[in-house]
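Novice: With the hints as a guide, bring both chains together as one complex.
Chains as they are written, first to last, in my numbering: chain A, 1128 to 1268; chain B, 26 to 314.
Calculated from the structure, these hints are not laboratory results. As the structure is a computational prediction, the values presented were derived from the model and not from experiment. Glycine is no exception: its CB is placed at the ideal position from the N, C-alpha and C atoms. One or more hints might be untrue.
[To be verified] Label pairs and their computed distance ranges (CB to CB):
{"#": "1", "chain 1": "A", "residue 1": "D1192", "chain 2": "B", "residue 2": "V128", "range": "24 to 32 Å"}
{"#": "2", "chain 1": "A", "residue 1": "T1247", "chain 2": "B", "residue 2": "F300", "range": "29 to 37 Å"}
{"#": "3", "chain 1": "B", "residue 1": "N107", "chain 2": "A", "residue 2": "E1194", "range": "29 to 37 Å"}
{"#": "4", "chain 1": "B", "residue 1": "D101", "chain 2": "A", "residue 2": "V1198", "range": "26 to 34 Å"}
{"#": "5", "chain 1": "B", "residue 1": "G171", "chain 2": "A", "residue 2": "D1192", "range": "37 to 45 Å"}
{"#": "6", "chain 1": "B", "residue 1": "G171", "chain 2": "A", "residue 2": "K1191", "range": "37 to 45 Å"}
{"#": "7", "chain 1": "B", "residue 1": "A84", "chain 2": "A", "residue 2": "T1165", "range": "50 to 58 Å"}
{"#": "8", "chain 1": "A", "residue 1": "K1191", "chain 2": "B", "residue 2": "D244", "range": "37 to 45 Å"}
{"#": "9", "chain 1": "A", "residue 1": "K1191", "chain 2": "B", "residue 2": "K260", "range": "49 to 57 Å"}
Here are the chains, one letter per residue:
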Amino acid sequence: MKQFLRSALVLTALGGIAAGISSVAAHHSTTMFDHSKTYTISGTVVELRWVNPHVSLSVNGTIKDSEETGVWVMEMTSPGNLVRAGGWTRSAVKAGDKVQVDFSPLRDTSLKGGALKKLTIVDTGQVLTANIRAQEMPGLE
Amino acid sequence: MRHRSYTFSCAFSLAVLTIVAISPSAAQPPPHPQVTRAPAKTPAIINPAPTAQDWADIAKLPDWSGVWNPKITDQDAQVKTNPPPWNEEAKKKIDHMFAEEKVGRPPLVFFGCFPESHPTWMLVTHNAMEILFTPGRVTMLGESDGNRLRRIYTDGRPHPDDPDPTFHGHSIGHWEGDTLVVDTVGILPQAPLAISEAAGIPNNGDMRVVERIHLADKDILHVDLEIFAPKILTKPWKTTRIFFRQRARKFDIVEGVCVQGDYSERVDANGDHVFVPVEKTIWGNIVPK
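Isolated chain B (complex conformation) (with noise of 0.2 Å):
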């Protein structure tokens, strides 16, 4: 196969000389030289090197640290006292996949361990998470998936021009007293807004997300969300989710993989430690055998 390919590439490399050869700029005499240039560059922004002052600065944050966890029973009441003003369209595919749930076929919003994404990770998780102040940065980290983390840029710098989309966009922020104010666009149109783990739809694009972190009480963290998302959604949809705090070691975050709950660990006749998928139903359970 690898000779056949080479053989290929031999052929073509030979007609495109030939072409070359017959056209009629290669009768006519070459250009004359001319100085070449490099073509100028964009100076690169560098991210400055954090100063002690910088972390000093850090102190004066009000203090976040610990494990929280969502109250979960507050995102079950507002799926009815606060539901999102879904557009026409929307209203029916969340009321479709909301009865499909309640006759026990409830819908994969999260299959294939794609992240919950933002803002639905605030919305909707059944997780705990932490959050880290750099120089600069504000970094939440979530458990269960491997890659469920927030970047928050709160260095002054503005949204890229046309970021990549990502599950969790571009976002920064800034503080306004002791108030963390987040701003995210870039996110994926396919990233679901979910209002339950069988109710959610892809937001389909332009979404934009304003975020007020604050604490409530001494250990409640309050999220209000105000989310755009104009192709499903009639008006911004503004709700707070709610966050309390463990300090307790036992409660500290473990790494969790969501996709490693696809395979069972097993030592295979090497001797070798390996994972071996197991085979699930649709709805993500595991099949008894």
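One chain only, chain A, in its complex shape (with noise of 0.2 Å):
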């Protein structure tokens, strides 16, 4: 029991380390998101933040069947793997591109953040996803 204690100490002590750093960035597992829920956005992107270890997308708009509008921030993978996951490029979006994003909310509900699973680029019809699992095979072209 006490080294079990003296275990949740330590690691208390490393979630106070990681908290007290108000800006981190990592590679981290994803279930800050509530993967079971699935959101629908239309709205014009704002950025497509193109950066490792995580490429980010915002978007002003509003979630489908509600009244709330503003800006949400997608998370993905790293640019190497979003190549890979098919059709994504640092220009794949650019500001002001209308868009419709499908994506798992962050369980904290007061943020608008979240994962994102399709975008569909509203004018081509053209659709990117951001699963890397999906293509674990050799020669892919």
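Specialist: Shown next as structure tokens:
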């Protein structure tokens, strides 16, 4: 029991260190998103941040079946992995493009953030996804 | 402030001189002059320039060119099918981390953009790597982190007696047929041994890793690992990690700097292109505004 408490203290301390950093990039798990839910937002692209370790897309729009409007930030995997997921480049979308995005929202509902599942570019109908486990095979073209 | 420091420095020097002047040794005659000799130097080890034959020998090695992607679904599966033999205390920590991840509070094993480290890079990476052969050396270069690289010396050198601890340790390798056998020591005790991006704990020292890296098929690379981590495991842990090859040029690895994710690219009032910090949640997500 004493060992368990000590472990818990260590983990709490670790969490404290992480929580104390207001700006921290890292490769991380995605369970802070509620993957059991899928929201759809229609709107315009504000910015595509084409950076490691996680590309992000911000969209100003309205959530389907809701009156809620605003800027939502969608997180994805790294640039290299998105290229392999198919169709993505740093200019795949640009500010002002009309888009529809399916995403899983953050569990913290006070924040307008999500994990992108599918992006549809309205003017072209092009669909982009972000699942890096979907194409685990050599020789992709 | 600089002036005050100078004043303090002068006062300190005077005090030292005074102590020397009144010390007993200062009153004794100086010792007989002696012939001084430069201390014996250990001969420097010079890495020889590669010969034409050294370069020709590279061509005899198996073809590991191209870009290698990790089979993440197999990483996922091994979390349950082949967990490390954690010791009791480590198991409690890992179980706690999994519990936290399950309820939506995934621990940040790699917070602050520290390297995933060795062997965790091989174990849980989601990013591509490439492998370069040069005489006496194999170099592994990873995507996404600026410092994700491994230098594996194949020139016959031993490990240093007391290597500087690093995230990827000191690696020496040799070829057994078409298999590269790598031995790594000198890994920082803080480097995590992780089995997912949310479950990993510091190895706490004395970790050693032995790998056998080989092609399992034309475009499939296997990294067979045996991990000795006596501070957190009850016995050595064996696992194989799978990578698959891409040759399409569009998948060539592009420079990635993890910490760049902490910043947005902006143009300031002077017209300069600058990085501006972004605010993030404790989980590492950008805070929408």
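Novice: All the hints need checking, so say for each whether the structure fits it.
Specialist: Comparing the hints with the structure gives:
no., hint, in the structure
1, D1192(A) with V128(B): 24 to 32 Å, "holds, 27 Å"
2, T1247(A) with F300(B): 29 to 37 Å, "holds, 31 Å"
3, N107(B) with E1194(A): 29 to 37 Å, "violated, 49 Å"
4, D101(B) with V1198(A): 26 to 34 Å, "holds, 33 Å"
5, G171(B) with D1192(A): 37 to 45 Å, "holds, 43 Å"
6, G171(B) with K1191(A): 37 to 45 Å, "holds, 40 Å"
7, A84(B) with T1165(A): 50 to 58 Å, "holds, 52 Å"
8, K1191(A) with D244(B): 37 to 45 Å, "holds, 42 Å"
9, K1191(A) with K260(B): 49 to 57 Å, "holds, 53 Å"
The structure fails to meet hint 3 from the earlier list, while all remaining hints are met.
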